[in-house]
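Peer 1: Given the sequences, and given the hints that come with them, work out the whole structure.
Each chain, written out:
There are 2 protein chains.
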Amino acid sequence: MEQSLSVITLGVADVEAARAFYVDGLGWEATLVVPDDVVFLQIGHGMLLALWNAEHMTAEAGPIMDTRGSSASAPITLGHNVASAQTVDDVLRVAEEAGSPLVHYGEHREWGGYSGYFTDLDGYRWEIVHNPGLRVEPDGRVVFGG
Amino acid sequence: MEQSLSVITLGVADVEAARAFYVDGLGWEATLVVPDDVVFLQIGHGMLLALWNAEHMTAEAGPIMDTRGSSASAPITLGHNVASAQTVDDVLRVAEEAGSPLVHYGEHREWGGYSGYFTDLDGYRWEIVHNPGLRVEPDGRVVFGG
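Protein sequences, first through last, are from chains A and B. To convert, note that position 55 of the first sequence is 1150 in this note's numbering; the numbers rise steadily by one, no gaps. To convert, note that position 78 of the second sequence is 1173 in this note's numbering; the numbers rise steadily by one, no gaps.
Rather than coming from a laboratory, the hints here were simulated on the basis of the structure. The C-beta atom is built at its ideal place from N, Cα and C for all residues, glycine as well. Warning: the hint list may mix true and false statements.
Unchecked claim - The following label-pair restraints were derived from C-beta to C-beta distances:
#	chain 1	residue 1	chain 2	residue 2	range
1	A	1131	B	1240	17 to 23 Å
2	B	1155	A	1236	38 to 44 Å
3	B	1098	A	1236	19 to 25 Å
4	B	1205	A	1112	31 to 37 Å
5	B	1240	A	1108	25 to 31 Å
6	A	1157	B	1127	29 to 35 Å
7	A	1236	B	1227	25 to 31 Å
8	B	1163	A	1153	18 to 24 Å
9	A	1200	B	1127	33 to 39 Å
10	B	1233	A	1165	37 to 43 Å
11	B	1200	A	1150	21 to 27 Å
Unchecked claim - Anything over 10 Å on all C-beta distances counts as not near chain B; from chain A, calculated:
#	residue
12	1103
13	1114
14	1167
15	1170
16	1174
17	1177
18	1180
19	1194
20	1196
21	1203
22	1209
23	1217
24	1227
As the list claims (entries may be wrong) - Here chain B is said to cover these stretches of chain A; the calculated rule only asks that three of the stretch's residues, wherever they fall, bring their Cβ under 8 Å from a Cβ of chain B:
#	segment
25	1124-1133
26	1184-1192
Peer 2: In structure tokens:
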């Protein structure tokens, strides 16, 4: 199996509300919108985020956990790396204004970086990170340290 | 907020077992291994998958759902696109041999493609997909149709 990810799909309770959060709230552009079914957004080189009607997802993929009604958030984190600690809090402010139900502003972390969290309307957690120990080479390879 | 994803982090019950599944089972290479804490694997242009000790994740990010003990799988899908329907089932066979607890071999889908699923040891679902209606341009942009 090739070492690659092409699409990450989140099951969402209300596709239009999810679209509005990402597109109107965060200012992103959709690549494809199928009303009441799915929205695709490009989030990297050859990489898509899909916001899929949770009922349709369950019909194809089998039972999934209910994130929206739970007091715990989904056991994944979507990481968004930025160039400075100031930008971490700037992005979190945008998410808060976009209607994020849970925002933890940035903290200095023991591993040397600065990060905070927000969740989207369905409880999917994004970590906004400034990590001075991680860099991306021109060819896209990620390098830790130095 | 820039429209990008840098890291996707999965909370895992046993970091060494998760490493073994991805590295020994699927044949992937780790970028960084911190024993009993976290394993990073490159899964795209400037993109990492992190397998993080679920207790450590909870300590930093707050309560998360327990995927491993649940009968439902995590409400996300990690998509892996391949060039043919045959490759879909070939990859699913590799995942089965690697110890995946749940494998659904490929089916023709109403949207015109062919896909199947496997879950990793913690219940995170990968969809292996042949989608003839989706292509990646040389610059990494994803295009639907034609």
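Peer 1: Now tell me, hint by hint, if it's right for this structure.
Peer 2: Evaluated hints:
| no. | hint | verdict |
| --- | --- | --- |
| 1 | 1131/A x 1240/B: 17 to 23 Å | holds (20 Å) |
| 2 | 1155/B x 1236/A: 38 to 44 Å | violated (26 Å) |
| 3 | 1098/B x 1236/A: 19 to 25 Å | holds (21 Å) |
| 4 | 1205/B x 1112/A: 31 to 37 Å | violated (25 Å) |
| 5 | 1240/B x 1108/A: 25 to 31 Å | holds (28 Å) |
| 6 | 1157/A x 1127/B: 29 to 35 Å | holds (33 Å) |
| 7 | 1236/A x 1227/B: 25 to 31 Å | holds (30 Å) |
| 8 | 1163/B x 1153/A: 18 to 24 Å | holds (20 Å) |
| 9 | 1200/A x 1127/B: 33 to 39 Å | violated (27 Å) |
| 10 | 1233/B x 1165/A: 37 to 43 Å | holds (42 Å) |
| 11 | 1200/B x 1150/A: 21 to 27 Å | holds (24 Å) |
| 12 | 1103 | violated (6 Å) |
| 13 | 1114 | holds (14 Å) |
| 14 | 1167 | violated (4 Å) |
| 15 | 1170 | violated (4 Å) |
| 16 | 1174 | violated (3 Å) |
| 17 | 1177 | violated (8 Å) |
| 18 | 1180 | holds (16 Å) |
| 19 | 1194 | holds (13 Å) |
| 20 | 1196 | holds (13 Å) |
| 21 | 1203 | holds (12 Å) |
| 22 | 1209 | holds (13 Å) |
| 23 | 1217 | violated (8 Å) |
| 24 | 1227 | holds (14 Å) |
| 25 | 1124-1133 | holds (count 3) |
| 26 | 1184-1192 | holds (count 3) |
In the structure shown, a violation is registered for the earlier hints numbered 2, 4, 9, 12, 14, 15, 16, 17 and 23, in ascending order.
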